[in-house]
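Novice: What follows is the residue order along each chain.
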Amino acid sequence: MTALIEVDHLKTYFDTRSGTVRAVDDVSWTLEKGESLGLAGESGCGKTTTALSIIRLLPKNGRIVDGHIRYSGKDLATIKESELRRIRWKHIAIVFQGAMNALNPVKRVSWQIAEAIALHDNMSFDEAQGRVVELLELVGINPARKDEYPHEFSGGMRQRVMIAMALACRPKIIIADEPVTALDVMIQAQILELLTKLQKELDLSMILISHDLSVIAQTCNKVAIMYGGKIAEYGPAQEVFLDPQHPYTQGLLRSFPDIYGPRDLPPWIPGQPPNLLEPPDGCRFHERCPLAFAECLVREPPLYETRPGHLASCHLRAPSN
Amino acid sequence: MGLIAGFLGKETKHVRAVDGVSFDVQRGEVFCLVGESGCGKTTTGKALIRLNDPTGGNIFFDVPDDEWNRLGALEARLATLYPYVSALGPQETRQAYADWARVQALADQVESTRHPRGSAGRLLRRERFEKTIAFLSEREQALQDGVDTMIKRLTTKERNRIEVLQTLGLWFKPTRARKLHRLEDELEEARYQLTRSESLRTWTGKNKRKIRRLERMLEAMRKHVETDDPKVRNRTEELRQELAEKEKRLTEQELGRVREEQKLVRGLLDTLTNQGSPASEDEIGSLDASMASVRAQGGPGLDAWETRAAIDEIRERYDLATWGAKGAALVGTRPGRRMRLRRRMRGLRRRMQIIYQDPYESLNPKLSIYDIVSEPLVANHITSTVSEAEAVVAKALEDVGLRPANEYMFRYPHELSGGQRQRVGIATALVVDPDFIVADEPVSMLDASVRTEILALLLELKKRRDLTYLFITHDLGLAWILADRIAVMYLGKIVETGDGPEIIRNPRHPYTKALISVVPSPNPSVQREKIILHGERPNPVDIPGGCRFHPRCPMAVGICGWNSEEVREELKKLLSEDREQFPESARVTDVGMNGPLGLTLTTSDPAQVEKYLWKRLQAVALGRPALGAIRKANVQDGRLELILHEPVEPPLRQITGNVSVACHLVEPESVIQQAVGVGA
Chain X
1 MTALIEVDHL KTYFDTRSGT VRAVDDVSWT LEKGESLGLA GESGCGKTTT ALSIIRLLPK
61 NGRIVDGHIR YSGKDLATIK ESELRRIRWK HIAIVFQGAM NALNPVKRVS WQIAEAIALH
121 DNMSFDEAQG RVVELLELVG INPARKDEYP HEFSGGMRQR VMIAMALACR PKIIIADEPV
181 TALDVMIQAQ ILELLTKLQK ELDLSMILIS HDLSVIAQTC NKVAIMYGGK IAEYGPAQEV
241 FLDPQHPYTQ GLLRSFPDIY GPRDLPPWIP GQPPNLLEPP DGCRFHERCP LAFAECLVRE
301 PPLYETRPGH LASCHLRAPS N
Chain L
322 MGLIAGFLGK ETKHVRAVDG VSFDVQRGEV FCLVGESGCG KTTTGKALIR LNDPTGGNIF
382 FDVPDDEWNR LGALEARLAT LYPYVSALGP QETRQAYADW ARVQALADQV ESTRHPRGSA
442 GRLLRRERFE KTIAFLSERE QALQDGVDTM IKRLTTKERN RIEVLQTLGL WFKPTRARKL
502 HRLEDELEEA RYQLTRSESL RTWTGKNKRK IRRLERMLEA MRKHVETDDP KVRNRTEELR
562 QELAEKEKRL TEQELGRVRE EQKLVRGLLD TLTNQGSPAS EDEIGSLDAS MASVRAQGGP
622 GLDAWETRAA IDEIRERYDL ATWGAKGAAL VGTRPGRRMR LRRRMRGLRR RMQIIYQDPY
682 ESLNPKLSIY DIVSEPLVAN HITSTVSEAE AVVAKALEDV GLRPANEYMF RYPHELSGGQ
742 RQRVGIATAL VVDPDFIVAD EPVSMLDASV RTEILALLLE LKKRRDLTYL FITHDLGLAW
802 ILADRIAVMY LGKIVETGDG PEIIRNPRHP YTKALISVVP SPNPSVQREK IILHGERPNP
862 VDIPGGCRFH PRCPMAVGIC GWNSEEVREE LKKLLSEDRE QFPESARVTD VGMNGPLGLT
922 LTTSDPAQVE KYLWKRLQAV ALGRPALGAI RKANVQDGRL ELILHEPVEP PLRQITGNVS
982 VACHLVEPES VIQQAVGVGA
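Chain order of the listed sequences is X and L.
No gaps in the numbering here: position 120 of the first sequence is 120 in our numbering, and each next residue is one more.
Count along the second sequence starting at 1, add 321, and that's the number in our numbering.
Excised from the complex, chain X in its bound form (with noise of 0.2 Å):
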């Protein structure tokens, strides 16, 4: 397999009123074709920054500082603004975060997915609603209620069709910022099924974003878990949530409350995530982190490869130890 998007030591900043806030610092991954990628973390850790930076969409105050996306032999990071307006939706796709409010209220469901359409693949919108109905009926909503409006759909159903937007024109990369979050557990279910059968189906390759790490454990092939702004642990998901080798990950997995063991309150972590103003020094997690020793304090650890392909960034597991 040859890797579609590379993302290869990305530094995104903000500029604030009170300096400069390091949100995405030194990341790196690669997405392959047709797998599934899972960006975890809490709010805050830069999850959503780094998957705006692939597509360039920061808000004015951001910026990319340093690093390459690569994508099919450019780099996303640095091409025009006019080139990238080709690739942005026909070849990488967003399903933006919070769907009840990601849809404009004053135009109608079938108006905003030809907008797409429309805007990118040279089309009218009339020429564009047969794949309007084709689109919402592959999401399994009735084409008979294109014309209505957001606010006659339900959650789950304005989901549906921020979803049926990202794949108007056929991409081949998906990004799935938080689809499932401040949805009931049965619809949550319901999307995440969806998204796995069109992943299937039309071969896609996505990217998904949550701070849920149950919803990536039950899409994802792969998973990187982000603290601070940067990579705490990196690899394919079974073996990053049967064995996390980071405290972090292992701090996550644990705060799940279990269905089928005791019914006891899970251990979580304590703290808040750090301030990315001023990073503490050394590692990022070490002040929440229980296995907290002299080194961590003050030098950063790199991802150290634990085993082949998983990745985690944590003195612990250097290879002496």
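To be clear, the hints were calculated from the coordinates, so they are not data collected in a lab.
Among the clues, some could well be false.
Residues on chain L that point at chain X, a partial pick, calculated with CB under 7 Å [what the hints assert, rightly or not]:
1) Ser358
2) Pro551
3) Asn555
4) Trp801
5) Ser842
Dumping the calculated DSS-like pairs for lysine-lysine here, alpha-carbon to alpha-carbon at most 30 Å [what the hints assert, rightly or not]:
6) Lys473/L <-> Lys452/L
7) Lys529/L <-> Lys200/X
8) Lys834/L <-> Lys197/X
9) Lys529/L <-> Lys60/X
In this text the structure is predicted, and so the values were computed from the model without any measurement.
Each residue gets a CB set at the ideal place from its N, CA and C atoms; glycine is no exception.
Given the structure of chain X, go ahead and fit chain L onto it with the hints provided.
Specialist: Below, chain L without anything else, positioned relative to chain X:
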């Protein structure tokens, strides 16, 4: 004894959001309401603490055991009296009412003789007077010590002037001083803009020019600063004297007023204390005697009226739902009932509170954390001074883990993370020291990693403050950890309720089974079979007949309540699949509906179609439950009439000792044992 026991029904237009739900929450337990969004969980929770009005039903909160038993006894008595009362003629009914009214009047007379001129009202007034006096003497003390805030406020201008004079000099009139400060602010902002544009490598010229201009202007103004000049010192002295004089004058004025008021209120209090006369026992005795004679004459009619009035009295005292409820207004409902309930609800708000779902939406962004948390204190008249409120708020904030409280008190919601905001939400609920808390999905908007922390906090507070929770959630994983008891709701009805661990370990209703199967787990090796319900929940405006869950139920059978429309769709599909098997002569040309429970098949050979149908239906019964609803087929006028099973809504039946389920397919254990016994 239940803290809350009730029967709710909320009806807004035609949306039956909560439809006949009964449960009771025991003191000190966590009761979980589980279900999809729109199943009526939140509506129930809010109705309990009367944030919305139920259309019918009762909500009892904290009824003492003896009153609760009395209510039960009275209701039983009313039931035994019913046959007599319904047999009464109009004349006798009128007589019974007149008797009851007479007894009522006599009882009122006894009351007024015993407590002349409303002693309860007098106590209240006395309390209020005493409070006023205390407040006034507090102010008097403050005025004498020179720390009264009102005087401070009235002399702000003078004090500001002195400050400007001391720091800047004579030339700076108030307007000029303000301008200086404004320019300083602008300069700071411009400098920030410059550093930003430099880091973004955009055009910086504009900002640089602006900074130069501002610096020039400031320099020009600062030339006039002179603080050591003797003229300035003289002027400052003068102003100081003026200020002192004004303060003295105002203080004297206020002191006079306060003292005069105090004297007035003291006088009123004295006259109140000297009033009142002892009740005459003879008078009461004679009234009691005449009451007894009326009672002796009155038959079961009078008895029924009295029982109903007594029931109503208890209801009025403890039921939170009856206002606006149809049919709940029994005899003896006195005017002003609504007002009284509202006043009582005010008092109860201190004892029942809610934690809202979304900490990003439920905190007012314009208010500081102190303002948000102290709002219930002010609204419920719990604290009267700022320092007192501050102490209570600080304690609540520390209780929820926002330590040190001083650091958080004057921040704004946007400065806090999601978990911290939810802690503020919890502090707001806790600050009035309630007994009962409705927690409406308190962790669903939080990161998975913060959730457990907040849950741990809720459990710890429960233990420490002896709280009772009604926990609303859609995630059975949370219910598993927290719930002592669970009620699973679907479309406004409870489908399964009982002991929490028992329901999750051993779910009986198909909906509960599905919900449990989709509880997410981060362990990819645990791949249990998921029962994913397809489609969305039906619109509560148009609730399916029979069992509400049947259109989505993976286990539905014929008796679950299919209507002719649903059966017709399935039948049409089946017939078009089997088209080839029919000879041209026996084809079904049309399937028509005949009311909600009948279908009419138009065909040239009904008898053959009937035979075919029965054979086919048996074969496909499992995969197509809707077709199982066909109960009978008649050949009539050359057409085939199909009759469906009557839809019956499954009642909530007790299955074992502590679990009740509403499903046609789940039989109580005793029934099953009986059946097995008979079979053996």
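Novice: If a hint holds in the structure, say so; if it doesn't, say that too.
Specialist: Here is what the structure says about each hint:
no.: 1; hint: Ser358; result: 5 Å, holds
no.: 2; hint: Pro551; result: 44 Å, violated
no.: 3; hint: Asn555; result: 44 Å, violated
no.: 4; hint: Trp801; result: 5 Å, holds
no.: 5; hint: Ser842; result: 6 Å, holds
no.: 6; hint: Lys473/L <-> Lys452/L; result: 24 Å, holds
no.: 7; hint: Lys529/L <-> Lys200/X; result: 57 Å, violated
no.: 8; hint: Lys834/L <-> Lys197/X; result: 24 Å, holds
no.: 9; hint: Lys529/L <-> Lys60/X; result: 22 Å, holds
When the structure is compared with the earlier hints, violations turn up for hints 2, 3 and 7 and for no others.
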